[in-house]
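Chemist: Protein chains in written order, with numbering that gives the first Met the number 0: chain H, 0 to 563; chain B, 0 to 346.
Hints are computed from structural coordinates only; laboratory data are not their basis.
Mixed in with the good hints there might be a few duds.
[What the hints assert, rightly or not] Distance ranges between label pairs, derived from CB positions: (1) K160(B) x L70(H): 23 to 33 Å; (2) T432(H) x Q57(B): 20 to 30 Å; (3) V545(H) x G113(B): 41 to 51 Å; (4) R396(H) x Q57(B): 49 to 59 Å; (5) L70(H) x R62(B): 53 to 63 Å; (6) A139(H) x A155(B): 26 to 36 Å; (7) N29(B) x R479(H): 55 to 65 Å.
Every residue gets a Cβ at the ideal spot worked out from N, C-alpha and C, and that includes glycine.
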Amino acid sequence: MSAPPSQKAGRLRRGVGQERLLAVALSAIVALMVLVPLVAVFVGAFGDEDGFTVTALTDVLASSRVLGNTLTVGLGTTILATGLGGLLAVILVRTDTPWRSGLEQLVLLPLYITPLLTAVAWSWLGSPRGGLINLLAQSALGLSGSLVNLHSAGGVVTVAALAYAPLPFLLISGALRGMDPALEESARVHGASITAAFRRVTMPLALPALLGSALLVFVQSLGLFSVPAVLGMPASFYVAGTEIYRLLNSYPARVSQAAGWGLLLLVVTAALVALQAAILKRRSYVTITGKAFRPRIVQVGRWRPVLLGIVLLYVLAAVVLPVATLCWAALVNFITVDPKLMSFDLRHFAYVLFTYPKTLLAARNSLVLGLLTATIICALGLAMAWVIVRSRGMAARFLDQVGMMPLAIPPIVLALGLLWSYVGLSWLPIYGTIGILLLAYVTHYLPFGLRALSSAVRQLHPELEDAARVSGASLLGTLRRIVLPLTRPTLVATWTLLFILSLQEISSSILLYTAPSTVLSVAVFDLWEAGNVNALAALSVMQLLVTFAALAVVARLRQKAVAA
Amino acid sequence: MARLNRRQILTILSLAASGLPARLSAQERNAVIEGAKREGRVNFANSASAPNFPQFIQAFTARYPFIDATTGLYSAPAGRVLARVDAELKARALTFDVLHVANLAPYLAMSQRGQLLGYRSPELDAYPPEASDRDQWAIARIVGVIMAYNRNILPADKAPKAWADLLNPEFKGRKLVIQDSAAGTSFNQMYLLEKRFGADFMRRWGQQEPVIVSTAAQLIDMLVRGEALVGATVDHFRAFDPDAVKAGIVGVYPSEGMPLATAPVAIFKDAPNPNAARLLVDFTLSAEGQTLLNTEIFKVYSMRRGVAPPAGQMPLDQTKPMLPQDIPDYERASRRFPETFDRYFKA
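Turn these sequences into a full structure, and let the hints steer you where they fit.
Modeler: This is how it looks when you write it as structure tokens:
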């Protein structure tokens, strides 16, 4: 027997009260996570032992070379990665290039290889005098100079673009799949050529995805640390990320200047986010809907091998060569191209497993952090997404805006703020534990989870939840019994991505770790700084094995879920 | 800067040696051991990045199996270690117990600020009084800074013989490689060479556009791979490492002298595990610890009597060792060093 209407109305009212409570609680949590470190960076940039000062900011603005380098890397990486990702998306979504489905999986693999490892591998391959490519070219072709030089601005941009291209690929391929093919067809019917239809219809419709991915890459590359640390510093090519690291890791540390750099990066990225919003507001893109379309496949004829070659070349440069180089370096006695001097064994694996004291601790911490980060973001992100999608209040708008803010905060800047916020906080003693790293990871990756889960919640009809609430389910019960099961596929995919991203994180970890809270990426970086390159390779290979094993497990689970 | 003999070196290292406090009685010694057992761990911040440094920790743990010295082991370039220590000290949130980096200057500053624990290790009886200062710190390693090149890339007759040779035109344009300001040995070398040759020498050295790397290990790697011709800030022991020698690296003791960087060991006044820290300092300064650390692992010079000098290297007093003479000036210069370094090499 159903409840009388007055009882139903009462339950819905109580539900609204619970929603508000949830929204306020989530807003408070997110505000603490995101705004506290930002305030700390702001205070750090304008204050020193003598009080208020703008010296740090003026010093930063006077560093024209580092500013120029940062901009070069930011713009260069963005243009190259977005162009590459867009091209790969067009090839694999809109053309009849062979093996598209398999290639799509391969193109996404760089997401799971930390840029630090790609940079280290490419440093061995492409350093100007001792790089393996140059040595091989010299012995095979008799060249006296260098064929490639990746210890340069161009090297930093190229390797960063290889590492980040999957992000634009994901967003742009999604947009291309979501487009109604009828729009292009009508352009063709009215006499437009394939290229004209692409230029006038497809490209403008993909603009939000293009801009969104360009912005994402720009923010990531503006605060880039590992790639310029490996490839730029040997060429005295410093960018903001390496400059912050350098300023904080010299004695005495130049804290205000580091904060000045952090603040500058924040201001630039915030301005760009606002600019992107303004550009997208001017036009309507409602033709891109959530409805599933089968994209129109263009027959490219004799260009098929060329397009296939482009995709394979990317996979070779971004995955095969770096991973093969790391595997080789992990097994060879020392790095040489002379076959007479080479011997292969497992001694470097034995070293990192049984002698290097950080391996087991770092592996344990990384796994714990990966599990916790992914789980917390999925829980928090799902609750936030639900409030944002289902509520219309101020708290929902606040959550939406503040929850996405970390996207505009370079991780090294976030780490600066967290370090200064929590290092002396006795009532919340997370400094010196993995707690502060967990806070950094959850804050940094929250937008990734929030965006994915918001899309999933939007696809659920609210009637299902209303029915549960009217039948007496509490808010948490509704979330647990209705929303959670229906968003499970997205949750599993998001959880996996977050787990893997957490395993790779270096930019904030390097500033926040202490001995007991060291993580795998820091252990790899330490081995690189200590010049222990073969051990670095062995540890990297082990890190990659864990990552790919996690991917395989999730793929298996998905297959089972589909079969069921 | 005058040439110094071993006695003078030790005398200069004695900055303010004062009266020796009484040694621990057997009962106090037992109390330290019992305290260390209760603490169960020691947090050791150091710039000892040699691949086989874990052997030292393993030997310490073998001696004191009730102390976990691995979980709290923080090994990084001196700059990163000191920046982290400094941040924790300022926030009164110290997690470290023992500090060991190759730069005396921060110990002087911390000692002045009362941040180090006075502890006279019984092992100091085997050291000259100049090896420690008011029992705040004791010198556990002495590292010299020299030049090096790869004989497979650069013929011996073209290699530099003196610091002044670094200014030769053939070494301009990314042919030299130096360590960044974060390295402790880098500060000592730059300070001493600036005092000896003047600011103009440093400016001209900077104008040679050397490649700057983070650590001494990366510097040797650059030489091995032929990415640079001459290493100009080489921790001496790295040039004589068997693997480096096999790869063609040749160490050069500059004719004007070898700047020295001393690497003290000290306990923080607010160390969370002061008893375990005392045992770690004792072990570091012991005959076993010094032989392991200096003769076997790092192959550097020890101040402990009876510890063999590094095999195959020049005895310390024949290297024309260079040390700071105006200690207050040395300490002041260390506080400005990152800016000074940037002015010469990153302008």
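Chemist: Could you see if the CB distance from K160(B) to L70(H) stays within 23 to 33 Å?
Modeler: For L70(H) against K160(B), whose Cβ atoms are near 43 Å apart, the range 23 to 33 Å is violated.
Chemist: Within 20 to 30 Å or not, the Cβ separation of T432(H) and Q57(B)?
Modeler: 26 Å Cβ-Cβ, so the 20 to 30 Å window holds.
Chemist: Does the hinted range 26 to 36 Å hold for A139(H) and A155(B) at CB?
Modeler: Since the Cβ atoms of A139(H) and A155(B) sit about 30 Å apart, the hinted range of 26 to 36 Å holds.
Chemist: Take the C-beta atom of N29(B) and the C-beta atom of R479(H), compute their distance, and say whether it sits inside 55 to 65 Å.
Modeler: holds, 58 Å
Chemist: Is 49 to 59 Å a correct range for the gap between the Cβ atoms of R396(H) and Q57(B)?
Modeler: Given range 49 to 59 Å: holds, Cβ gap about 57 Å.
Chemist: Take the C-beta atom of L70(H) and the C-beta atom of R62(B), compute their distance, and say whether it sits inside 53 to 63 Å.
Modeler: holds, 55 Å
Chemist: Would you say the C-beta atoms of V545(H) and G113(B) sit inside 41 to 51 Å of each other?
Modeler: holds, 46 Å
Hint check: a violation occurs at hint 1 only; the rest are consistent with the structure.
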